[in-house]
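Here is what each chain is made of, one letter per residue.
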Amino acid sequence: MADHAATHDVHDPNIGNTGLDHRKMGMWAFLGSDCMFFGSLIGTYLAYKGKSISGPTPHDVFDIPLTSYSAALLLASSLTMVLALAALQDNRVKVAAGWLLATAAMGLHFVLNQVYEFWTFVHHHDLMLSTSLFGSTFFVLTGFHGAHVTGGVIWLLLLVSLAWRGKLDRRDYTKVEIAGLYWHFVDIVWIAIFTIIYLIP
Amino acid sequence: MATHAAFMPGAKVEAPTFWGAVASWLTTVDHKRIGILYGSSAFIFFLIAGTEALIMRLQLARPDNTLVSAQTFNELFTMHGTTMVFLAIMPMSAAFFNYMIPLMIGARDVAFPRLNALSYWIFISGGLFLHVSFLAKAVPDGGWFGYANLTSHQFSPTHSIDFWMFGLQILGISSMLAGFNFLVTIINMRAPGMTLMRMPVFIWMSFVTQFLIVLAFPAITVALILLMFDRFFGTLFYSPAAGGDPLLWQHLFWIFGHPEVYILILPAMGIVSEVLPTFARKPLFGAPVIIYSGITIGFFGFGVWSHHMFSVGMGPVADAAFSITTMLIAVPTGVKILNWLCTLWGGSIRFQTPLYFSLGFIAMFTMGGLSGVMHASPPVDLQQTDTYFVVAHFHYVLFGGSIFGLFSGAYYWWPKITGKLLDERLGKLHFWLMMIGFNVTFFPQHYLGLIGMPRRIYTYAGDLGWNFWNLVSTIGAFTIALSFLVFIANVIKTARAGQVASADPWDGRTLEWAIPSPPPVYNFARVPEVHDRDDFWLQKHGDGHGGAPRPKPAPVTAAEIAAIHMPSSSYWPVLLALAMAMMISGLLISMYQVIVGGLLTLFLMYRFAMEHHRPPDGHGH
Amino acid sequence: MIARIVTRLDWTRLGLLGAVLLLASACSAVGWNWDTPMSTVIPKSDFGKVTHGIFMLISWWTLGIFIVVEAALVYACWRFRERPGAPIPKQVHGHTVLEISWTIAFAVVLLIIAIPTIRVIFKTQEAPAATALRVDVSGKQWWWEFRYPQQKITTANELHLPVGQTVSFALNAPDVIHSFWIPQLGGKRDVVPHRVNHITLTPEVPGEYHGQCAEYCGMSHANMRFRVIVHEPAEFEKWVKAQQAPPADSPDALAQQGKTLFSQSTCVGCHAITGISAGHIGPDLTHFASRKTFAGSLMATTPDNLTKWIENPEHMKPGALMPNLGMKGEQSKALAAYLLSLK
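Residue numbers (this note's numbering), protein chains in the order written: chain A, 1 to 201; chain B, 202 to 822; chain C, 823 to 1165.
Keep in mind that the hints are not guaranteed to be accurate.
To be verified - Derived coverage of chain B by chain C (criterion: at least 3 residues anywhere in the stretch with Cβ under 8 Å from a Cβ of chain C; other residues may be distant): (1) 327 to 341; (2) 522 to 531.
Said to hold, decoys possible - In silico DSSO-like links for lysine-lysine, alpha-carbon gap of 30 Å or less: (3) C/1165 to C/1150; (4) C/1114 to C/1130; (5) C/912 to C/1063; (6) C/871 to C/945; (7) B/741 to C/912; (8) C/945 to B/753.
None of these hints come from the bench; they were simulated from the model.
These numbers come from a predicted model, not from an experiment.
Don't be surprised by glycine CBs; every beta carbon is placed ideally from N, CA and C.
Just need the whole structure built from these sequences, with the hints factored in.
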């Protein structure tokens, strides 16, 4: 050990003594926390399910085909995210950037679908935040998920921008990997929301 | 990257100018400095909250008193509770997490030094935001627990609840960021050979606390978001008229709130678990059991929350279930006390100030824990909840427990942090005044609760038998205040002319005592190798079973020191915290401020993330 | 000078002495009078008695544990204090059998507490018998409304009950969460908007008891009190009949003046007096003067208090929702006289 300490300290400061990257571990910790966050919101939705005293019901407003398409988009985007990482691993930066852009684009499409969905609820069904418990719980839960997706899209676009400017390569694998972890998490939360809120009657 | 030349022994360091010093504190990412920032801020907030308590006690010293109005009193108990929990005890614990965790695990800093600084600056902006409410004449008055639907716009039309709501959200972000940081630090940055079971018990308790923080705060984050949407956007989450259930708030709040009380006590338990072995000169009795108890408490702490709700009418099945889980969790909590007792038993006890406070902790926490067992029985609790009996209970565990434990840590680690030992005589005076004052204040409150005095009342009638002991309680409160003056005098005296401390003034057992007092910026010249729990003690004294002491390592060379890389200062954390404060306070001022603040926040987050993206010296960070 | 005194005294010995004196005075029970109007430990109902039983059980066990632990702590500090020149003590790491034993012992004590606890939880939340007296309690900022649906009585702030008969309370609040608590008759139950909670008890001793809201509910939470009068059955029937009777019509001139003023003022929008007004926001005043206290039992029902209240409610009770109608002098006196005639 003594002779190791005498040489110049070249180890990667991001890798800990367990061999794991700090940033990945930090992202996992954050995702654990975010699980509790969405769990509380989903719990609130379930507590109030069927308890609205007026206003449109889920059955009245949900467009299952559209939201299924959105779910498929997110699932596909998780695939393109994995492909981006695989490309980056091989230092094929432009290819990786392409896959990241595809991921971001699908995420953006998801958010736009959601904006459209909210718009039809408000204008065609008179369902707003203040209409009923359903309105309140639905918009807040899915809205915060959409905000998470939006944050992810911005993050991905920033990574794409860095790649195009030659500032991203295989050395940054972990940084892109943690964006991937976040993205997969957001996707999984959507699966849960889609199932619990949209599919289960 | 900080230049290495500055670390070389004999290197000339220019004395900083005043503004240079301010800049260096604003941009520091050194965990030790951040710890000092947390500690000093927490102490100031503690004094503020203590003053709020003194005013309340003056009001309650006599029946039908008119010292303060009903509105003022309601604001006082709200701010006292909120400040003590979020701005005094939690950040005081954070001070110790920050300063001591890297030292005790043999690390040079935390995993994310800039995130660490960011946590502090967000914390202080949250604390200031909450107190700006005084200037805005809209002081929170919904209680520290803010029960819906009293907090709805209908029943709380002013901005007072908004200050509370946003203040807590800001503080929650600060705590969670720090939680992620310490989790990664403890898992990933322990010195070679320090397995989880060889970690000091303070680290273990802190470790469990971080898990509690990151998993419990989201519940209150959601509760507060729902409240914010109700108040600002007309949602119906807590609106009974629309079918909403005010109890939703209580469930979400206490799902956070119960783990929160373990967040408040576990660090103090960790401190006591370090101080007792040091001053009894014996290892912690049953250290693995104490560790497993801590883990068990952390885990099952999520299963007891509705014992705060026994009077709301959840029905007998829920009442019974939560009563059972609450009694179950009393077991690991209680046996720790016996472990600590057995640490003292058979020891060679040196009575110095840090030990006094730890002994006070054991004595007072035992009492608080036992009154807690009473509350675990719903029928009994129905007489005790919302009375001064429960006020007595939680002050025994939070003051008699947490505060005494934190002071024990303060006296214990003061020489390590400042290089000077606090005066022993003043320390003992502080202890006895605080011990006696504390008991005079809070012991009679058990009685007051049992003879029917409810809590959160600004006055009471004079014919109910409550007068005398309320007066006594007030006298006790001022005795506590006096004890703090003694502590402050001690701090000042020590700063001016205190006894210089060696690296290891207490003959300690853990790694922080192996380095100078105060430590150099890099903590350890050479990262230590650990072979056991209490490795440092074993190096000094051997294992007590006849084995020879561990061979001392070779002296550190200048080349080793030159090779150390420490993270450089950064101004992004303080700027980002300011932008976030601007954005959130804009919610009470103008939408433009929110938008500008929000854009600024996004921009600064980007710059923060990019600061070390392609650094010139080639170290990808 | 002070510094010199401070540093010269042996604070340890002084502190110990102080603590011992304190403990002694605490134990002497001087000033620990338990028979006070809101005491929880001298129960006067079945509900109160059964919970008190568990309270005493837990108290004895916790007292025992307390004495053992604190005594062991003090003893250990004395016996194992460092002697000069003492060697490092034996480095004991634990004792598995001991640790398991005390864990089991503690768990057994908790079991002893848990079993009667669970039993009492279910027993005290059983549905009441059909013969129970029904009282609907409505907690409002910051007073109490009591309705007896079987007797068709509505009153406020003063609850009358017959001794020996089970009473089943249905609790509701139209505004925020309150808590219904009569300490001498048992534990509390929260009063939650849009939810009906229940509490059942049988008062066993006639007398006058105090109740108070026990959940922070805003500005005048401290002033949201009520009285409970437990009668012999015959007395209770008399009270019921009196409450069911139409309001008194006093011939007193001032009272008549007040009656006219009342009927013509906005008072009628909030208050009900049978045959005169039907407001339901404030307390029913039909038999106002039969109650010894008013304004959430904050004040005694006297001409002086009543006049001051009518003239400026907010001044007497912070945050009071009864508006200041600008009644002064003759007007307030007349109204007071009228209200005081409503026995």
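Of the numbered hints stated earlier in the document, which are not met by this structure? 1, 5 and 8
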